[in-house]
Amino acid sequence: MTEFPLLSLHVPEPAVRPGGQPDFSNVKIAKAGAVPRPEVDVASEEIRDLAYSIIRVLNRDGEAVGPWAGLLSDEELLTGLRNMMKLRAFDARMLMAQRQGKTSFYMQHLGEEAVSCAFRKALRKGDMNFPTYRQAGLLIADDYPMVEMMNQIFSNESDPLRGRQLPIMYSSKEHGFFTISGNLATQYVQAVGWAMASAIKNDTKIAAAWIGDGSTAESDFHSALVFASTYKAPVILNIVNNQWAISTFQGIARGGSGTFAARGLGFGIPALRVDGNDYLAVYAVSRWAAERARRNLGPTLIEYVTYRVGAHSTSDDPSAYRPKTESEAWPLGDPVLRLKKHLIVKGVWSEERHVQAEAEILDEVIQAQKQAEVHGTLHAGGKPSVRDIFEGVYAEMPAHIRRQRQKAGY
Amino acid sequence: MPRCPPIFAASGKRQVTDMARMTMIEAVRSAMDVSMERDGDVVVFGEDVGYFGGVFRCTQGLQAKYGKTRCFDAPISESGIVGTAIGMAAYGLKPCVEIQFADYMYPAYDQITQEAARIRYRSNGDFTCPIVLRMPTGGGIFGGQTHSQSPEALFTHVCGLKVVVPSNPYDAKGLLIASIEDPDPVMFLEPKRLYNGPFDGHHEKPVTPWSKHELGEVPDGHYSIPIGKAEVRRQGSAVTVITYGTMVHVALAAAEEMGIDAEVIDLRSLLPLDLDTIVQSVTKTGRCVMVHEATLTSGFGAEVVALVQEHCFYHLEAPVVRVTGWDTPYPHAQEWDYFPGPGRVGRALAEVMEA
Chain A
1 MTEFPLLSLH VPEPAVRPGG QPDFSNVKIA KAGAVPRPEV DVASEEIRDL
51 AYSIIRVLNR DGEAVGPWAG LLSDEELLTG LRNMMKLRAF DARMLMAQRQ
101 GKTSFYMQHL GEEAVSCAFR KALRKGDMNF PTYRQAGLLI ADDYPMVEMM
151 NQIFSNESDP LRGRQLPIMY SSKEHGFFTI SGNLATQYVQ AVGWAMASAI
201 KNDTKIAAAW IGDGSTAESD FHSALVFAST YKAPVILNIV NNQWAISTFQ
251 GIARGGSGTF AARGLGFGIP ALRVDGNDYL AVYAVSRWAA ERARRNLGPT
301 LIEYVTYRVG AHSTSDDPSA YRPKTESEAW PLGDPVLRLK KHLIVKGVWS
351 EERHVQAEAE ILDEVIQAQK QAEVHGTLHA GGKPSVRDIF EGVYAEMPAH
401 IRRQRQKAGY
Chain B
1 MPRCPPIFAA SGKRQVTDMA RMTMIEAVRS AMDVSMERDG DVVVFGEDVG
51 YFGGVFRCTQ GLQAKYGKTR CFDAPISESG IVGTAIGMAA YGLKPCVEIQ
101 FADYMYPAYD QITQEAARIR YRSNGDFTCP IVLRMPTGGG IFGGQTHSQS
151 PEALFTHVCG LKVVVPSNPY DAKGLLIASI EDPDPVMFLE PKRLYNGPFD
201 GHHEKPVTPW SKHELGEVPD GHYSIPIGKA EVRRQGSAVT VITYGTMVHV
251 ALAAAEEMGI DAEVIDLRSL LPLDLDTIVQ SVTKTGRCVM VHEATLTSGF
301 GAEVVALVQE HCFYHLEAPV VRVTGWDTPY PHAQEWDYFP GPGRVGRALA
351 EVMEA
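Order-wise, the sequence lines are chains A and B.
Just so you know, my numbering puts 373 at position 373 of the first sequence, and the rest follows in order with no gaps.
Just so you know, my numbering puts 326 at position 326 of the second sequence, and the rest follows in order with no gaps.
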C-alpha cells in the first residue's frame with residue numbers, strides 16, 4: 001500500500017478539435033505599443049518579461065504605436081507590402097502548379113509572410129540565414145529572381161540544384177540563404193557555427209538561425225543555444241511559432257514552458273516574443289537583435305507568434321486535426337491586410353491601388369512562370385541530366401562513382 | 001622546384017631527411033600544428049581539446065601557440081561540435097574537430113550523414129563542407145563497449161564522406177594534412193591502440209615504441225599523403241591480407257609467426273578505396289584474407305570481399321576469409337577473446353592456404 005495515488009501520464013491536447021468552436025482565449029495578447037523597448041546591451045535577466053509578452057506595433061485601428069514604432073519610411077513599408085503580396089501570389093501559383101502535376105510538392109507561407117519578409121530587412125549583404133522550408137520571403141525580399149525559384153520547384157533543365165533537391169529547398173549563398181536540408185533543426189546549430197566563424201575572423205557579418213515550434217524539441221536546438229550562449233555568437237535565433245507542427249499542436253513541443261521564447265532564459269540569452277503577423281513589429285525586433293549581434297553583444301532569441309493558415313505541405317490535410325475556421329479566429333489577423341490597413345490609414349495607399357498592385361504582381365509571377373516553364377516542368381520538357389546524379393558528390397569524382405555513372409550509361 | 005622537399009624518391013622509397021621521431025599522438029599534433037601555421041582558416045576544437053590539449057593530448061600546446069579562438073574547448077555535445085563545424089566550413093573556415101572517442105559520434109550522426117556529407121551535392125556546390133572529424137577508434141585498451149568501437153562502416157556507407165584510418169605516425173601526419181586540405185568532409189579514425197607504438201596484438205608483451213620503428217620517423221614540416229592510395233606493407237606471393245589500422249601490425253606479426261609468404265595491404269583510406277592495389281595483389285596470390293576489428297556483419301570487409309570476387313573471381317584458389325570482431329558489443333573483461341589477435345589471423349591464413 002502506498003500513501004500516494006497511482007501515477008498517470010499527462011498528454012497535452014489542443015483546446016479544440018475538428019467540429020469544435022475555435023478558441024484562442026488562452027492566447028494572451030499584449031496591447032500594441034505596451035511592451036517597452038530596452039537598450040540593446042540589456043542583460044537577459046532584466047528583460048525576462050519580454051519572453052512571456054508579445055511585442056506589437058500595429059493596433060486594431062491600423063496605427064503604429066509604442067516604443068518599437070517609427071523605424072520604417074513609407075516607401076520601405078510599401079516595399080514590404082509588395083514583398084508579402086508577391087510571396088502570397090507566388091505561393092498561390094505554385095500550389096496550382098503542383099495540382100497540375102508540374103511539380104511533386106509545395107509548401108506555402110499563407111499567414112506567415114511578414115516573418116521572413118520583414119526579417120530580411122534587418123540583415124545586410126553578406127549576412128547568412130540558415131532557413132527552414134517556410135522562409136522564402138528571405139529570397140523574395142532580397143530580389144532573388146522568381147524564375148530561379150520556379151526552375152528549382154519544377155526541377156527543370158535550368159534548376160540551379162540540378163534536380164537533386166525536393167522542391168522549395170533553395171540554396172543561394174549570394175543572397176545569404178543557406179541550402180535547405182529537409183531534416184529538421186540541423187541548420188540551427190550550423191548557424192551558430194557560421195556566426196562563431198565570423199567572430200573568429202573578426203568579420204562584421206552575422207548569422208540568422210531559423211526553426212519551427214515543433215522542431216525546438218530536437219536536441220540540435222538545445223545544442224545551438226548552448227554554443228550560442230557559451231561563445232556569445234553573433235547570431236539571431238528565430239523560432240517561428242505557427243501553432244502547428246504538421247498535425248501536432250505546439251503544446252507537445254513546448255511542454256510545461258509558458259512560451260518558446262522562455263527557452264532562451266535558462267541559457268542567459270535575451271529572449272523576445274513578437275507578433276509575427278505585424279510587419280513593423282517583426283522588423284523592429286529583428287533589427288534590435290541584429291544590432292546586438294553586430295555590437296558583439298551575442299545572441300538573441302526571438303519567438304514569432306503566428307498562425308499556419310494553410311496545410312503543412314501539399315501532402316497534408318489540416319481538416320483532419322483542427323477546425324476549418326480556426327484561422328479566421330486567429331486573434332493576430334492577417335499580415336498583408338494589417339500592413340495594407342496601416343498604409344491606408346497613413347494616407348499612402350488605397351483599396352484601388354492595392355487591387356492594382358495585386359494585378360501587377362500576379363502578372364509578374366505569371367510572366368516568371370512562363371519563362372521557367374520554357375525550361376520544363378517535373379514531367380514535361382527539359383530535365384536535368386542523369387549525369388547530374390553522379391556529379392558533385394565530391395569535389396573530384398572518385399573512381400567507384402565514375403564506374404557507376406558509366407554503368408548507368410552516362 | 002617543389003615547395004617542400006620530396007618525401008618519396010622516384011623509386012617510391014621514403015627519403016630520410018629532417019626526420020624527427022614521433023609517436024602517433026605527436027604526429028597528429030604536428031599535422032594540426034603545420035596546418036594551423038600555414039592556413040589561418042584552420043581551427044581546432046572539441047571536448048577537453050583547448051587548455052588541457054585533449055584526453056589523448058593530441059592538441060597539447062595548440063591553444064598556447066594559436067590562441068583561444070583557434071583552439072578551444074567545446075561543450076559535451078557532439079551534434080553541436082559537428083553542427084558548428086559545418087557552419088564554420090560554410091563560412092569558409094577549415095575546422096578540424098575532435099570527437100573524444102569514435103563511440104561518442106552517434107549524437108552527431110545526423111549532422112555527419114545528412115548534412116556534412118550532402119551539402120556540396122544538394123546545393124550544387126553553392127556551399128561546401130571541408131571539415132575533418134578526428135576520432136580515436138578501436139579496442140585494445142580495456143575501454144569496454146563505449147571506448148573500443150570501430151564504426152568505420154557507418155561512414156563508408158554514406159556517400160559524400162571520405163574515410164581515412166592511418167596505421168603509423170608517418171601516415172597519420174601526411175594523411176591528416178591531406179584531410180585538412182581536402183575540399184570535402186573526412187572522417188579521420190585514429191586507432192588509439194597505436195598511439196604509442198605498433199601494437200601487434202601480443203598484449204602480454206611490451207609494445208615497441210614508435211621511436212624504434214621506421215614509420216616513427218616523421219618530417220617536422222609539411223607533407224601530405226594522397227587520400228585513396230593503399231600501401232603494401234609486406235610483399236608476398238602466397239596470400240593477400242587486406243587490412244587497416246591496428247590490424248596491419250597484427251597481420252604482419254601473424255604472417256611472420258606462421259611463416260606464410262603473405263602480402264599485407266594497408267588500405268589507409270577506405271573511401272575512396274584503392275581497388276587497383278587490391279586487385280593487383282589478389283590476382284597475383286589467388287588467396288585473400290580480410291581483417292578488421294569491427295564487427296563482421298555488414299562490416300567494411302563485406303564490401304572489400306564483394307569487390308574481390310567481382311574483380312578477381314577467376315584468379316581465386318580458395319574462398320575469401322574474414323577475420324573480424326565478433327557480432328557482439330565490445331566486452332570489457334574478455335577483451336583478448338574479442339580482439340582478432342595474431343592467433344586468429346594466423347589460423348585464417350593457414351585455412352586459406354590449405355583450401
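Quick caveat, the hints were computed from the structure, so don't treat them as lab data.
Every value quoted in this text rests on a predicted model; they were computed, and no experiment measured them.
Heads up, some of the hints might be wrong.
[Stated by the list, open to error] Below, simulated EDC-like cross-link-like pairs (lysine to aspartate or glutamate); rule was C-alpha separation at most 20 Å, straight line:
(1) A:Lys232 x B:Glu354
(2) B:Lys68 x A:Asp316
(3) A:Lys201 x B:Asp276
(4) A:Lys201 x B:Asp39
(5) A:Lys370 x A:Glu358
(6) A:Lys201 x B:Glu354
(7) A:Lys201 x B:Glu181
(8) B:Lys284 x B:Glu354
(9) A:Lys407 x B:Glu310
(10) A:Lys232 x A:Asp203
(11) B:Lys65 x B:Asp103
(12) A:Lys201 x B:Asp33
(13) A:Lys346 x A:Glu75
(14) A:Lys407 x B:Glu181
(15) A:Lys125 x A:Glu46
(16) A:Lys125 x B:Asp276
(17) B:Lys229 x A:Glu396
(18) A:Lys201 x B:Asp73
(19) A:Lys370 x A:Asp143
(20) A:Lys173 x B:Asp126
(21) A:Lys407 x B:Glu204
[Unchecked claim] If you only want the chain A side, here are some residues facing chain B, beta carbon under 10 Å, derived:
(22) Asp49
(23) Ser53
(24) Ser172
(25) Trp194
(26) Ala195
(27) Thr204
(28) Ala207
(29) Ser219
[As the list claims (entries may be wrong)] Chain A stretches covered by chain B per the calculated footprint, using a threshold of three residues with CB under 8 Å from any CB of chain B:
(30) 178–187
(31) 226–234
(32) 350–361
(33) 386–395
(34) 398–407
A virtual CB, placed ideally from N, CA and C, is assigned to each residue, including glycine.
Going down the list of hints, with the structure as the test:
1. A:Lys232 x B:Glu354: Given that 20 Å is the threshold and the Cα spacing comes to 65 Å, the pair is violated.
2. B:Lys68 x A:Asp316: violated (48 Å)
3. A:Lys201 x B:Asp276: violated (43 Å)
4. A:Lys201 x B:Asp39: Holds, at about 12 Å.
5. A:Lys370 x A:Glu358: Measuring from Cα to Cα gives roughly 18 Å; hence the hint holds.
6. A:Lys201 x B:Glu354: Given pair lysine 201 of chain A, glutamate 354 of chain B is violated - Cα atoms ~62 Å apart, limit 20 Å.
7. A:Lys201 x B:Glu181: holds (19 Å)
8. B:Lys284 x B:Glu354: Satisfied, since the Cα-Cα distance of roughly 17 Å is no more than 20 Å.
9. A:Lys407 x B:Glu310: The hint holds at about 15 Å.
10. A:Lys232 x A:Asp203: Roughly 15 Å separates the two Cα atoms, so the pair holds.
11. B:Lys65 x B:Asp103: Roughly 30 Å between the alpha carbons, so the hint for lysine 65 of chain B and aspartate 103 of chain B is violated.
12. A:Lys201 x B:Asp33: holds (19 Å)
13. A:Lys346 x A:Glu75: Holds: lysine 346 of chain A and glutamate 75 of chain A sit about 12 Å apart, inside 20 Å.
14. A:Lys407 x B:Glu181: Not OK: lysine 407 of chain A and glutamate 181 of chain B at ~31 Å, beyond 20 Å, violated.
15. A:Lys125 x A:Glu46: violated (32 Å)
16. A:Lys125 x B:Asp276: violated (48 Å)
17. B:Lys229 x A:Glu396: Measuring from Cα to Cα gives roughly 15 Å; hence the hint holds.
18. A:Lys201 x B:Asp73: holds (18 Å)
19. A:Lys370 x A:Asp143: Holds, because 18 Å separates the two Cα atoms, which is no more than 20 Å.
20. A:Lys173 x B:Asp126: Satisfied, since the Cα-Cα distance of roughly 6 Å is no more than 20 Å.
21. A:Lys407 x B:Glu204: violated (50 Å)
22. Asp49: violated (28 Å)
23. Ser53: violated (30 Å)
24. Ser172: Because about 7 Å separates serine 172 of chain A from the closest Cβ in chain B, which is inside the 10 Å limit, the hint holds.
25. Trp194: Result: holds, 4 Å to nearest chain B Cβ.
26. Ala195: holds (7 Å)
27. Thr204: Status violated, d = 13 Å.
28. Ala207: The hint holds - alanine 207 of chain A has a Cβ within 10 Å of chain B, the shortest such distance being about 7 Å.
29. Ser219: Nearest chain B Cβ about 6 Å off; hint holds.
30. 178–187: Held - the stretch 178–187 of chain A has 5 residues with a Cβ nearer than 8 Å to chain B, which meets the minimum of three.
31. 226–234: Check passed, 3 qualifying residues.
32. 350–361: Contact hint for the stretch 350–361 of chain A vs chain B: violated, 0 residues under 8 Å.
33. 386–395: holds (count 4)
34. 398–407: Our answer is that it holds, as 4 residues pass the Cβ test (under 8 Å) against chain B, meeting three.
Comparing the model with each numbered hint stated earlier shows that hints 1, 2, 3, 6, 11, 14, 15, 16, 21, 22, 23, 27 and 32 do not hold.
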